[in-house]
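Taking the hints into account, I'd like the entire structure generated from these sequences.
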Amino acid sequence: MISRLSLNLLGACLALFPATGFAADPDPADWPSVLAAAKGQTVYFNAWGGGEDINGYIAWAGAELQSRYGVTLNHVKLADTADAVSRVLAEKAAGRMEGGAVDLIWINGENFASMKQQGLLLANAWADTLPNYALADTENKAVLSYDFTVPVEGLESPWGTAQLSFYYDSAEIDNPPANLSALADWIAANPGRFTYAAPPNFIGTTFLKQLAFGLLEDPEVMRQPVDPATFDAQTAPLWAWLDKAHPDMWRSGRVFAADVTQLQTLLADSEISIAMTFNPGGASSAIRQGILPETVRSFVLDYGSIGNAHFLAIPFNANAKAGAMVAANFMLSPEAQAKKADETVWGDPTVLAYDKLDATGKALFDNLQKGPATLGAAELGRAINEPDSSWAEMLEAEWARRYGAGG
Amino acid sequence: MLRLAPFLAIGILIGPVLAGLMFIIGPAFGHAPLFGATGFSVAPFAHAWHSPGFLTSVWLSFWIGPVTALISLALVALFTAAFSGTRLFNGALTLMKPVIAMPHAAAAFGLAFLIAPSGFMLRLLSPELTGFSRPPDWLVVNDPAGIALLFGLVVKEIPFLFLVLIAALPQTDERYARVARVLGRGQVWAWLTSVFPGVYAQIRLPVYAVVAFATSVVDVAMILGPGTPPTLSVRILRWMSDPDLTMRMTAAAAALIQLGVTLSALGLWWLGEHAVARLGKMLALRGYRFCHDLPLRLLAGASTLGAAFLVLAGLALIALWSISGLWRFPDALPQNLDFGTWMREANQIVNVAGRAMLIGILASLIAVALVLACLENEYRNQIQLSRWARLTLYLPLLVPQIAFLFGLSIWWLLWGWDGTIWAVTAAHLVFVMPYVYLLLADPWNAFDTRYLAAARLLGKSENRVLLTIRLPILLRPILTAFALGFAISIAQYLPTLLIGAGRQPTITTEAVALASGGNRRLIGVYALVQALLPFVIFALTALIPTILWRNRRALQPGFVR
Numbered sequence: 001m002i003s004r005l006s007l008n009l010l011g012a013c014l015a016l017f018p019a020t021g022f023a024a025d026p027d028p029a030d031w032p033s034v035l036a037a038a039k040g041q042t043v044y045f046n047a048w049g050g051g052e053d054i055n056g057y058i059a060w061a062g063a064e065l066q067s068r069y070g071v072t073l074n075h076v077k078l079a080d081t082a083d084a085v086s087r088v089l090a091e092k093a094a095g096r097m098e099g100g101a102v103d104l105i106w107i108n109g110e111n112f113a114s115m116k117q118q119g120l121l122l123a124n125a126w127a128d129t130l131p132n133y134a135l136a137d138t139e140n141k142a143v144l145s146y147d148f149t150v151p152v153e154g155l156e157s158p159w160g161t162a163q164l165s166f167y168y169d170s171a172e173i174d175n176p177p178a179n180l181s182a183l184a185d186w187i188a189a190n191p192g193r194f195t196y197a198a199p200p201n202f203i204g205t206t207f208l209k210q211l212a213f214g215l216l217e218d219p220e221v222m223r224q225p226v227d228p229a230t231f232d233a234q235t236a237p238l239w240a241w242l243d244k245a246h247p248d249m250w251r252s253g254r255v256f257a258a259d260v261t262q263l264q265t266l267l268a269d270s271e272i273s274i275a276m277t278f279n280p281g282g283a284s285s286a287i288r289q290g291i292l293p294e295t296v297r298s299f300v301l302d303y304g305s306i307g308n309a310h311f312l313a314i315p316f317n318a319n320a321k322a323g324a325m326v327a328a329n330f331m332l333s334p335e336a337q338a339k340k341a342d343e344t345v346w347g348d349p350t351v352l353a354y355d356k357l358d359a360t361g362k363a364l365f366d367n368l369q370k371g372p373a374t375l376g377a378a379e380l381g382r383a384i385n386e387p388d389s390s391w392a393e394m395l396e397a398e399w400a401r402r403y404g405a406g407g
Numbered sequence: 001m002l003r004l005a006p007f008l009a010i011g012i013l014i015g016p017v018l019a020g021l022m023f024i025i026g027p028a029f030g031h032a033p034l035f036g037a038t039g040f041s042v043a044p045f046a047h048a049w050h051s052p053g054f055l056t057s058v059w060l061s062f063w064i065g066p067v068t069a070l071i072s073l074a075l076v077a078l079f080t081a082a083f084s085g086t087r088l089f090n091g092a093l094t095l096m097k098p099v100i101a102m103p104h105a106a107a108a109f110g111l112a113f114l115i116a117p118s119g120f121m122l123r124l125l126s127p128e129l130t131g132f133s134r135p136p137d138w139l140v141v142n143d144p145a146g147i148a149l150l151f152g153l154v155v156k157e158i159p160f161l162f163l164v165l166i167a168a169l170p171q172t173d174e175r176y177a178r179v180a181r182v183l184g185r186g187q188v189w190a191w192l193t194s195v196f197p198g199v200y201a202q203i204r205l206p207v208y209a210v211v212a213f214a215t216s217v218v219d220v221a222m223i224l225g226p227g228t229p230p231t232l233s234v235r236i237l238r239w240m241s242d243p244d245l246t247m248r249m250t251a252a253a254a255a256l257i258q259l260g261v262t263l264s265a266l267g268l269w270w271l272g273e274h275a276v277a278r279l280g281k282m283l284a285l286r287g288y289r290f291c292h293d294l295p296l297r298l299l300a301g302a303s304t305l306g307a308a309f310l311v312l313a314g315l316a317l318i319a320l321w322s323i324s325g326l327w328r329f330p331d332a333l334p335q336n337l338d339f340g341t342w343m344r345e346a347n348q349i350v351n352v353a354g355r356a357m358l359i360g361i362l363a364s365l366i367a368v369a370l371v372l373a374c375l376e377n378e379y380r381n382q383i384q385l386s387r388w389a390r391l392t393l394y395l396p397l398l399v400p401q402i403a404f405l406f407g408l409s410i411w412w413l414l415w416g417w418d419g420t421i422w423a424v425t426a427a428h429l430v431f432v433m434p435y436v437y438l439l440l441a442d443p444w445n446a447f448d449t450r451y452l453a454a455a456r457l458l459g460k461s462e463n464r465v466l467l468t469i470r471l472p473i474l475l476r477p478i479l480t481a482f483a484l485g486f487a488i489s490i491a492q493y494l495p496t497l498l499i500g501a502g503r504q505p506t507i508t509t510e511a512v513a514l515a516s517g518g519n520r521r522l523i524g525v526y527a528l529v530q531a532l533l534p535f536v537i538f539a540l541t542a543l544i545p546t547i548l549w550r551n552r553r554a555l556q557p558g559f560v561r
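Note that the protein sequences, when read in sequence, are chains A and B. Take the first sequence: its letter number 311 is residue 311 in the working numbering, and every next letter is one higher. Take the second sequence: its letter number 502 is residue 502 in the working numbering, and every next letter is one higher.
A few of these clues could be false.
With a cut-off of at most 16 Å between alpha-carbon atoms, the simulated EDC-like pairs for lysine to aspartate or glutamate come out as follows [unchecked claim]:
#1 244/A to 172/A
#2 362/A to 342/A
#3 116/A to 174/B
#4 116/A to 242/B
#5 116/A to 153/A
#6 356/A to 137/A
Honestly, the hints are just simulated from the structure, not real lab data.
Have a look at this one:
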């Protein structure tokens, strides 16, 4: 005999659990159904909002999505991708398994590794089955399948690639340094005119990795997970180079730039003479926007430069999954990729394989103009793949220990 | 029903803080089931403590609170002592009002651009006077000692304390100062020993709020403060944003440490109060006169007015940057003007500014209504607010935002209310109410209640008397409180971001997101709009009573009985 009390208690307990009938996630293999589900949805696209040209491109993409697919794209401007990660994390902590606030995230690297490890991403390998994914250059660009050496496994859709390059004002400098010893000499000869962003900022850590690839006796060890026992001995040349160069850097190495755009501002203000960026078209874009003078040019170091890719990911509990997939697919389309690579718009390199495109697609890319400060594919030289992510953590920690405490 | 008002007010003020703190304590002590960490452990604290430069960060956050308050309060007190009652004084108030309205981040941007080695001041002087064709490699902004940060905080707190002090002045009697002058004391010393103690008793809590704010400020510290190592609050924010999600436990531990730092700074200030009181009493009783205070008066005047001018100059520079084309060092002016940024951003600005105004007006209206209800309740039931009650009023200002906001957002998530405009308004209400109470309490208590007694004797009800007599006469302070509440709401970043879940972009969230890009044109446009919104409301609220009561001499400012 079940008493009324226990029945009521049972009912009350059951009411506490949310309805567990999850709607099936959209399957990109059945693309027409995804399109139908996406129509009328609003996609909240969480992406870094600090670039005027990037914001303009996303606004264009939103207009196209609206007119072509009936999907409304809302650009949630972030100061830091981690804000979106925090959001999804908080929702998981609060038990919100669907109807989340974030539909699509612009992400890569450590943030991606973190979300993947914590199970915060939509997991049905959706990105590999998007119609336009077939056009991506996965054969030649390993960075599209391994995000900072973490396998992508269809959890995020490629959006663009990046390669570290330096830029300078050619009215001030005739011959930029071509390798690390030339750079060290240049810094010593021009005190206060060079700096980099402090790790763990993205470009700061990349600069450390770039230095490591050029200074370590055997750079190939970085492909493997780091061995703490040998780390100090292996990275000794790196710290020696930095110890020698820091006193001659901007602000004597006591203050560093905050991020990639502050480096650009410092160059624009003439506080430094050499800056660095991930976006090969970024300097030309800045010239066009009237931020940098027209004499700015780019260069890379002779032994290669670190390259990576950036992606779009969908959280596990996104509200508009179908809409997000349609948006990601559109971002992979030749029209969207060509417009993105157009330096009068953004200048971010494409992830598509030129040979896989049809005639119209190829024509779009043929018509793109290269800005004065953009290096061509040949000039950009060898792309070095990212090292194992454990190296980044240890390099950042060691840098913080040596230089991050006001040393 | 009025009796419920104080409970509602206290609930709004304490509830969110305690609720938010709840979700910090777990992770700080090693209990975070989401990351697979359970049980009790002090590992997060150890991890935070051993991070490089942690003690420097803690020390930096600790001393900057009391020092900011000390310098600002000293300058404001000296200025009032030197110039109280003069025309300069009233002019200074008019100058300070737009500065108070400006959000801290916008003021910090303007300052950074003014004083940096590649900034406007040096551009004006170069290359003719200084011989620089490139900016000198001087460490001014982001200096490791924190002087630039101190400067940025002081110039913003001076107008705030000024406003607060002026609101408290009518409760004190300036004639004491006159008597002291007659007895041979210098002008400044006379005022400091006779009037200031009474004034200080009333502005004590706002001063504590300044101390607490300075120890835990995030946006100004990011713009002007040291980078390696940063202040504790910036460090917490970075840990909260770290891709390694288990760092959030370290961040939670550091947030509790931040709470400790703020409380210690407040404790130090409390000790300082007693020390200064003893010292002042001793000097006064020994008969020191300090008559030759002309240099001091000039210093006070120059510093206080100079601070306001600097902030306004920064604002003008932000405006100039928003329309400039290429502008390189050492040009004093941009090479060409470019209105493109304004035109491209116009739609978005209207959108986010409109939302910010809506939230601001709502939050301020509710705050003013609630505070008036509390004050009326105090009057009708003859309740005197105890010191502890006043302390709870300021709790949201004393506890660092970063310590409890993340936890608070989880509560909203649990109830499913996050991301709505009402949730953001409620979050803003928590921070607006203390300031509104602050600005309303003293004018309310200074009101001559004989007017009310006369009206009651003539047979009007309590509510009628409130609506037709007390509120109209207090219109000016009410509107000033409303304007300040609006300014506070506009400036809120973390609450809007965390509780709005990205669905409620306001002018401030946009401005901070864009600031991370470093594009000065964009920063200029958004910072300018962000600074102007409160200014517009301030101007309106100053204008309305002047027009409404143009035929009532006693209700005009500057009326002396």
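Each hint, compared with the structure:
Distance hint between residue 244/A and residue 172/A is unfulfilled; the C-alpha atoms sit about 24 Å from each other, more than 16 Å. In summary, the hint linking residue 362/A to residue 342/A is supported, as the alpha carbons are separated by about 14 Å, within the 16 Å threshold. Distance check on the hinted pair: residue 116/A and residue 174/B sit about 68 Å apart at the alpha-carbon level, beyond 16 Å; violated. At roughly 15 Å between alpha-carbon atoms, residue 116/A and residue 242/B fall within 16 Å of each other, so this suggested pair holds.
Taking the CA atoms of residue 116/A and residue 153/A, the gap is near 10 Å; set against the 16 Å cutoff, the hint holds. At roughly 8 Å between alpha-carbon atoms, residue 356/A and residue 137/A fall within 16 Å of each other, so this suggested pair holds.
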